[in-house]
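> Here the protein sequences come in this chain order: D and Y.
Going by UniProt numbering, the residue at position 18 of the first sequence is 18; the numbering climbs one at a time, nothing skipped.
Going by UniProt numbering, the residue at position 483 of the second sequence is 483; the numbering climbs one at a time, nothing skipped.
Be aware that a few hints might be false.
Since the list gives no way to pick one copy over another, a pair counts as held whenever it fits inside one copy or between any two copies.
[What the hints assert, rightly or not] Straight-line alpha carbon distances no greater than 30 Å define the calculated DSSO-like cross-link-like pairs of lysine-lysine that follow: (1) 349 <-> 382; (2) 449 <-> 4; (3) 503 <-> 79; (4) 287 <-> 386; (5) 153 <-> 229; (6) 59 <-> 395; (7) 70 <-> 482; (8) 59 <-> 480; (9) 90 <-> 250; (10) 258 <-> 287; (11) 128 <-> 482; (12) 70 <-> 480; (13) 382 <-> 128; (14) 449 <-> 70; (15) 150 <-> 551; (16) 4 <-> 117.
Honestly, the hints are just simulated from the structure, not real lab data.
Protein chains: 2
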Amino acid sequence: MARKILIIGGVAGGASAAARLRRLSEDDQIIMFERGEHVSFSNCSLPYFLGGHISSSDKLVLMSPEKFLKQYNIIARTKNEVTAINRQDKIITIKDLNSGELYTESYDKLILSPGAKPIVPPIPGIEKINLFTVRNVTDINNLHNAIQDKSKKIAVIGGGFIGVEVAENLKEAGYDVSLIEAMPQILRTFDYDMVQILHKEILDHGINLLVNDKVAGFDTNTVLLGSGKKVAADIVIMAIGVSPETHLAKEAGLEIGKTGAIATSPMCQTNDPDIYAIGDAIEVDGKLFDDKWKLALAWPAQIQARGVADHINGQDFLNPGYIGSSCIKVFNLNAASTGLTEGFIQATKMDIDYETVIITPNDKVSLMPDNSTMFFKLIFDKNTRKVLGAQAIGKGNADKRIDVIATAIKFGATIDDLTEIELCYAPPYSSAKDVVNMAGYVAANIADKSFSQVSPNEVRNLVESGAYIVDVRETPELEKGKIIGSYHIPLSELRSRYQEIPKDRPVYLHCRSGQRSYNGALALQNLGYSNVVNVAGGFLGLSYYEYFNDKTLNRNPILTAYNFN
Amino acid sequence: MARKILIIGGVAGGASAAARLRRLSEDDQIIMFERGEHVSFSNCSLPYFLGGHISSSDKLVLMSPEKFLKQYNIIARTKNEVTAINRQDKIITIKDLNSGELYTESYDKLILSPGAKPIVPPIPGIEKINLFTVRNVTDINNLHNAIQDKSKKIAVIGGGFIGVEVAENLKEAGYDVSLIEAMPQILRTFDYDMVQILHKEILDHGINLLVNDKVAGFDTNTVLLGSGKKVAADIVIMAIGVSPETHLAKEAGLEIGKTGAIATSPMCQTNDPDIYAIGDAIEVDGKLFDDKWKLALAWPAQIQARGVADHINGQDFLNPGYIGSSCIKVFNLNAASTGLTEGFIQATKMDIDYETVIITPNDKVSLMPDNSTMFFKLIFDKNTRKVLGAQAIGKGNADKRIDVIATAIKFGATIDDLTEIELCYAPPYSSAKDVVNMAGYVAANIADKSFSQVSPNEVRNLVESGAYIVDVRETPELEKGKIIGSYHIPLSELRSRYQEIPKDRPVYLHCRSGQRSYNGALALQNLGYSNVVNVAGGFLGLSYYEYFNDKTLNRNPILTAYNFN
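Please model the complete structure; the sequences and the hints are all you need to start from.
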């Protein structure tokens, strides 16, 4: 029996649900309502139009209402805003924004896919600035038109995905760009230690990056920061976050969850079983923790869009728990993350006895001319040995390593499993023992207490407290900088000179990447040293970790120089 | 108690075992014997020296005997060939190739890591040519010295990894290169349908690729082929395959397996428990089939090297079954494969009821300027729905997709699991629904009989037998070529014109990539057509499939033109 299925919101989730509904039934009437000017545009690609990667904003629109009708017999009405849901009579009211007229449509099933809107707080003086947000094609066209003059100074407020991508693209397009973040770091899908690599990349490319500094107010063409700093800005782009579009749902008496997003059943039904909700507007289950969260990502929206279409057509669907995998290009670096971060575990006071590993191997065989360091952090449960999350940053294939970890997490992998994943290898792509395998080995060694390590973020305290740090790099390498106060015994002399190292106190070893110092640490242990600790990530990891904060916090350096090679 | 551990073979496996042995014990005496001039060189990187990616052959050598001694207290003796193993007295005899002197060393534990040697069959006239093989740094230096004159014509015999990598690198370096393969295809880690993409790439880059043509003999500067063709060759590189180095093991009475490689216990012990064997010289278990195989890859060698060092030091080790993951760069294409191929299943007459899926999606959001087609083939068990293998080829990140599949296979993933892997997404990297997710959906649809498909390799028969093929691309796309005899109804007109399509015979639908025709196929099914079949990979996949064989077999084309975009 033919049904009438209405969809509120015609972007990612809504459009995908409509297409899937049509594949499952030729008979159903499917109407999609979109308040904005376009359906089915690539919202994730909006920043790349600013950077010139996408030549015309028209290209951002993947499907027109005409195409939807012709190819899929789906009615898509743009500039049509749904203003009310009458659940009793199963009727919605729509305002045609072209004519201003109100009209109604009845439904058998209703799908809410309204998305989330940029948060714009009532900051004092906000009326004095030229303010933009980035949500749809209209927004990006408005912004693009406002910055035809390349001498415009632009301030992007908020260092999340959209803020960073917009800032990067505008900088690449030649603008004077400031990126302002209230927290001590951008991109909280990365931990504080890892994100320093991205902080440096952003600074190096000439963006005026300001972290740990909240916007206190605005004046004409000026952002006023809590620190007292003033940032000149002809254009201000507000990207501090998004908030689920819940007003229609609320007014219709649909249940809102504790996160402030729409609550749904495991089948994505609201508390009205004829009304489904999907995408950025709903809250979802965590897969790695026992709670709800908001996850404004495209992958969950796609899963849910397909799932509700299946469910409406009598097929099974269970909205799964999500781990949250993401990636971002930041100038020359690829950065990816999956699962839990240390920061998230701490912020949510999760009861997990976790441990972390940082390694800095080459992304491929070091002989290949385009090899580069892959910064990799693994987070695992010390008791169950289960992998909880990972972050990778480098010029090389970071997303590959994180996709492997995301896959492993799906199957409940332990750190030991990571050593056994048979990844493909040829010199242009990886090493015989890939980054992921290596992280597994290091994690297993730590879990087995074969050796111990400290994170780059603990080294400053060690130096300041006068810890015994041995630099096992070979002598020529010292020219590239060293830890102030460290003792130098090259690995090649360690066995003949180890007696110089005291046995009655902790000994911290480091080399360039942590690899040779690991060998040195085990040698010392086998030679009777009971308290030997490896500096994870080595001088390389430490250089990144110290650099940004040395620059921005004007603190005393603990390294005589940085070395980023 | 300190032991004396001898290692025969100082390249990948041997050198890794030595380093791990040292990490586990400072006391053991560790001596490594290498017949060649170098230990610890990157054998996988040898071809890249020919292409100029690696500036000097010295760089191929990762560790010198001096470094092994100084950094790890490991004795490495190059140009020292072990000539006999006396198991009774646990003594080996070594010939110092510098002095010609014989000497002996006793052992507590012995590790065989002799590798595999290039096969050079006694082809008539072989003495008349300038013959090279590629196994070690000395080989590659000899070859490099012989081709200083860039006008040299080079024939590479054998289209396996080494043959293809050497041919590619020599072509990139500017030589006239022929690549000769006796079988109908190169690189049997890829199926015949997929490998056509690589055949085309090799042809397009000016290599004289000859497949299905066996070397019958040689004459001066000439390779004589079975077809009667003659290939001019100042230099001939023999790369038809490798054979495990088993002579020492055989002479010592150690067991050789049915594959001709050394047989070992699950702990990599030979039938003499004090003698271990690892790497290319041994046979291993398949993980996806119940038999032994030879797998000359670096990853297994690394696993075994570490494993035997652990086992010698009282730790657990079980040499796992292997799935065989690999990748190769072929000019501008990245190609990767894991698990079973259709060809391997057929050749080994494996009793599996398998099905395949071919998809040709974009590797990333199609708006991004460097997007490209990712050719992806998935092989799965129709009954258990388990993933058996996959192949990916494209300009984009093929190795990433295959690493994800390799990880999934490790955990026994089904095709349904593939749809649920939460991969990271941003426009520069992938699509919201990644290639792997999409392959899972298509496979599940096929397994559930939601729709059916044919492979590109079945289309020629369809055309020749007058099957009813509907091209659902939009009209402007027809300019890029079409299937001869196909009927054209654009997807946008399908619902108004479907009555033109007969209901009483099978209907084959295709578009550019297989995506729109899938939607069209479901529409027809829902409109009452009971026998609708999608052409997997679409016109794009078909173009590659037909191109190479049309060119080389002089057959009648079934396409009016090819379209590779």
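> Hint by hint, note whether the structure agrees.
Here's how the hints hold up against the structure:
For the homomeric pair residue 349 and residue 382, the shortest alpha-carbon distance inside one copy (17 Å) is at most 30 Å, but the shortest distance between copies (45 Å) is not. Only between protomers do residue 449 and residue 4 lie at most 30 Å apart by alpha-carbon distance; the minimum there is 27 Å, versus 62 Å within a single protomer. For a Cα distance limit of 30 Å, the shortest separation of residue 503 from residue 79 qualifies neither inside one copy, at 75 Å, nor across copies, at 41 Å. Taking CA atoms no more than 30 Å apart as the test, residue 287 paired with residue 386 passes in both settings, with 13 Å inside one copy and 23 Å between copies.
Within a single copy, residue 153 and residue 229 get their C-alpha atoms as close as 16 Å, which meets the 30 Å cut-off; across copies the closest is 68 Å, which misses it. In this homomeric assembly, residue 59 and residue 395 come within 30 Å of each other (Cα to Cα) both inside a single copy, at 28 Å, and across copies, at 22 Å. Within a single copy, residue 70 and residue 482 get their C-alpha atoms only as close as 67 Å, which misses the 30 Å cut-off; across copies the closest is 22 Å, which meets it. In this assembly of identical chains, the alpha carbons of residue 59 and residue 480 lie at most 30 Å apart only when taken from different copies (22 Å versus 47 Å within one copy).
In this assembly of identical chains, the alpha carbons of residue 90 and residue 250 lie at most 30 Å apart only when taken from the same copy (16 Å versus 82 Å across copies). Only within a single protomer do residue 258 and residue 287 lie at most 30 Å apart by alpha-carbon distance; the minimum there is 18 Å, versus 47 Å between protomers. For the homomeric pair residue 128 and residue 482, neither the shortest alpha-carbon distance inside one copy (49 Å) nor that between copies (60 Å) is at most 30 Å. Taking the shortest alpha-carbon separations for residue 70 and residue 480, only the inter-copy value of 23 Å comes in at or below 30 Å, while the best intra-copy value is 64 Å.
In this homomeric assembly, residue 382 and residue 128 never come within 30 Å of each other (Cα to Cα): the closest approach is 53 Å inside a single copy and 65 Å across copies. When the C-alpha separation of residue 449 and residue 70 is checked against a cutoff of 30 Å, the pair qualifies only between copies, where the shortest distance is 27 Å, while the shortest distance within a copy is 64 Å. Only within a single protomer do residue 150 and residue 551 lie at most 30 Å apart by alpha-carbon distance; the minimum there is 28 Å, versus 52 Å between protomers. With identical chains, the CA atoms of residue 4 and residue 117 are at most 30 Å apart within one copy only, with a shortest distance of 28 Å there and 69 Å across copies.
Figure legend: structure checked against the earlier numbered hints; hints not met, in rising order: 3, 11 and 13.
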